[in-house]
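Colleague: If you want the building blocks of each chain, they are given just below.
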Amino acid sequence: MFDAGMIKILLEGTRDTLYMTGMSVLFGYILGLPIGIALCVTDTNGIRPNRVVYRILDVIVNILRSIPFLILLILVIPVTRFIVGKSYGSSATIVPLVIAAAPFIGRMVESSLKEVDKGVVEAAQSLGASDFTIIFKVLLTEARTSLLVGLTIALGTILGYSAMAGVVGGGGLGDIAIQYGYYRYNTPVMLVTIVILVLLVQILQWVGMLISKKLDRRIR
Amino acid sequence: MEPAIIVKNLTKIFTRKDRTTAAVDHISFEVEKGEIFGIIGLSGAGKSTLVRCLNLLEKPTEGEVIINGKNLLQLSPRELRLERRDIGMIFQSFNLLMQRNVLDNVCFPLEIAGVGRAQAKARAMELLKTVGLEEKASSYPALLSGGQKQRVAIARVLASDPKVLLCDEATSALDPQNTKAILSLLKDINQKFGITIVMITHEMAVVQEICDRVLVLENGQVAESGPVTEIFHAPKSEAAKRLLVKTGAPILRMTAGRTVRVTFEEGSAYEPIIGNVILKFGMPVNILFADMKNINGLGVGHMILSLPENPEIADAMIAYFMEKGLGVEDWAEEDEQNV
Numbered sequence: 047m048f049d050a051g052m053i054k055i056l057l058e059g060t061r062d063t064l065y066m067t068g069m070s071v072l073f074g075y076i077l078g079l080p081i082g083i084a085l086c087v088t089d090t091n092g093i094r095p096n097r098v099v100y101r102i103l104d105v106i107v108n109i110l111r112s113i114p115f116l117i118l119l120i121l122v123i124p125v126t127r128f129i130v131g132k133s134y135g136s137s138a139t140i141v142p143l144v145i146a147a148a149p150f151i152g153r154m155v156e157s158s159l160k161e162v163d164k165g166v167v168e169a170a171q172s173l174g175a176s177d178f179t180i181i182f183k184v185l186l187t188e189a190r191t192s193l194l195v196g197l198t199i200a201l202g203t204i205l206g207y208s209a210m211a212g213v214v215g216g217g218g219l220g221d222i223a224i225q226y227g228y229y230r231y232n233t234p235v236m237l238v239t240i241v242i243l244v245l246l247v248q249i250l251q252w253v254g255m256l257i258s259k260k261l262d263r264r265i266r
Numbered sequence: 031m032e033p034a035i036i037v038k039n040l041t042k043i044f045t046r047k048d049r050t051t052a053a054v055d056h057i058s059f060e061v062e063k064g065e066i067f068g069i070i071g072l073s074g075a076g077k078s079t080l081v082r083c084l085n086l087l088e089k090p091t092e093g094e095v096i097i098n099g100k101n102l103l104q105l106s107p108r109e110l111r112l113e114r115r116d117i118g119m120i121f122q123s124f125n126l127l128m129q130r131n132v133l134d135n136v137c138f139p140l141e142i143a144g145v146g147r148a149q150a151k152a153r154a155m156e157l158l159k160t161v162g163l164e165e166k167a168s169s170y171p172a173l174l175s176g177g178q179k180q181r182v183a184i185a186r187v188l189a190s191d192p193k194v195l196l197c198d199e200a201t202s203a204l205d206p207q208n209t210k211a212i213l214s215l216l217k218d219i220n221q222k223f224g225i226t227i228v229m230i231t232h233e234m235a236v237v238q239e240i241c242d243r244v245l246v247l248e249n250g251q252v253a254e255s256g257p258v259t260e261i262f263h264a265p266k267s268e269a270a271k272r273l274l275v276k277t278g279a280p281i282l283r284m285t286a287g288r289t290v291r292v293t294f295e296e297g298s299a300y301e302p303i304i305g306n307v308i309l310k311f312g313m314p315v316n317i318l319f320a321d322m323k324n325i326n327g328l329g330v331g332h333m334i335l336s337l338p339e340n341p342e343i344a345d346a347m348i349a350y351f352m353e354k355g356l357g358v359e360d361w362a363e364e365d366e367q368n369v
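Chains A and B, in that order, are what the protein sequence lines are.
For the first sequence, position 50 matches number 96 in my numbering, and the numbering has no gaps at all.
For the second sequence, position 47 matches number 77 in my numbering, and the numbering has no gaps at all.
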């Protein structure tokens, strides 16, 4: 049952899962980080309050976050075709994953940045810091532990979403679990993919927490 | 000489739901260059809002703030940022960057000003020496005591060479020893660098320790202002009286006789005056409140005394106190009737 061919498939599946997760989280942050910063900065208590911008971003993020991932996966197939050229496989799955990840990441970034003591921001303002300096040298730096915890959560969540994409031929471990475990009644293969997924999440969580703790200077 | 700070008709109105409150209500005052100016008031008097209006952390609803000859409300955001480098501020909660070490905290304003890394570090080390913390340069704020954190904050604010320093309850989170140490550091800075200091506090002791003049704030308005010694010896407003005698409860009158507040200046209390007055007149006086400090072996401070009911003896006692160089004024508390 677990011959060389099967092992190769599982290894490739693991690689594809990590590829999808990594790329989606990367692009998710490229979009989500600015969204999170904008949400924090434009909110009523932010350094540049702007009700209109905040409301617009807030609504977009809420709408995207309320669509179940499986539905989103199917809903964005035309977009996926347009960007990647096909609607199946690991690379194609990255498109819906990014669309799901970005607003989620934006919210987490927003909440991390809002944890930064308002007094510290005011101190920076009183020293003549620009909004740009405050964002990069105060908010993002002071919130780095919380941001890293957010990154760990994002990786775990997107890893889970990527497995879900197996239903529509998304590639990776989820795909294998469905192809072999569900359609061909090969329960052991399905169980192995689950074990690998669990291990991946565990490792990500453990490494993420370790790094964020290492970087936190507030701990005595 | 032009004053360092001119405040004209400053007003800050907060609107919450349909209620508006004037936290700062048409306040005007001037602070001379090189002066240490106190703004005192009980909590809720509006003093924090007032000081935050001075560097526009809070935007005034009305009025003018002119610092170092510049009308802050007429500046563009960019000009305001540049001007703020000349107006330092330290806070009750220190507000250090927790993820940066002490040296990098002091470097922060220099980074904002675009000073090179090596030069900034050298300058920061110099400032840490000024505040006596050079050996903590690579520590993180979480490891420091409150007094040390405030020293770092002071070194940080000095990095941009401010001409004016605003202190918002800078010693209120500190114990008495650290309060004293920070106050004397601020005094040193004032003398060494000629920085004009505005001290916001609710403690009369802080004002007496380092301020030249003081403004007493109540309900967002000026209750009275003047030299610290004047307000200490002859407070006119209820607010000033309450701040001088902070007992948390009204002082109870013991007899029907006169209640007076006597103030002891340096040089007035060479002899045990209260003891002598009792011996001389053969009548007891009650000490209702006393706040005395021993400065170079002399008693300095104030007491509230309940004098004997006989008005002639009371008058004679008051004359005796005055002869000995003590300040005497009648003392009545507004809410006494309610007791």
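Bear in mind the hints are in silico, worked out from the structure with no lab data behind them.
Warning: the hint list may mix true and false statements.
No more than 16 Å apart at the CA atoms, straight line, and that leaves these computed lysine to aspartate or glutamate pairs for EDC-like [what the hints assert, rightly or not]:
#: 1; chain 1: A; residue 1: Lys164; chain 2: B; residue 2: Glu88
#: 2; chain 1: A; residue 1: Lys183; chain 2: B; residue 2: Asp321
#: 3; chain 1: B; residue 1: Lys276; chain 2: B; residue 2: Asp321
Colleague: Could you run down the list of hints and mark each one as holding or not?
Modeller: Hints, verified against the model:
1. A/Lys164 x B/Glu88: OK: A/Lys164 and B/Glu88 at ~13 Å, within 16 Å.
2. A/Lys183 x B/Asp321: It is violated: about 47 Å lies between the C-alpha atoms, which goes past 16 Å.
3. B/Lys276 x B/Asp321: 10 Å, holds
In this structure, the one hint that does not hold is number 2.
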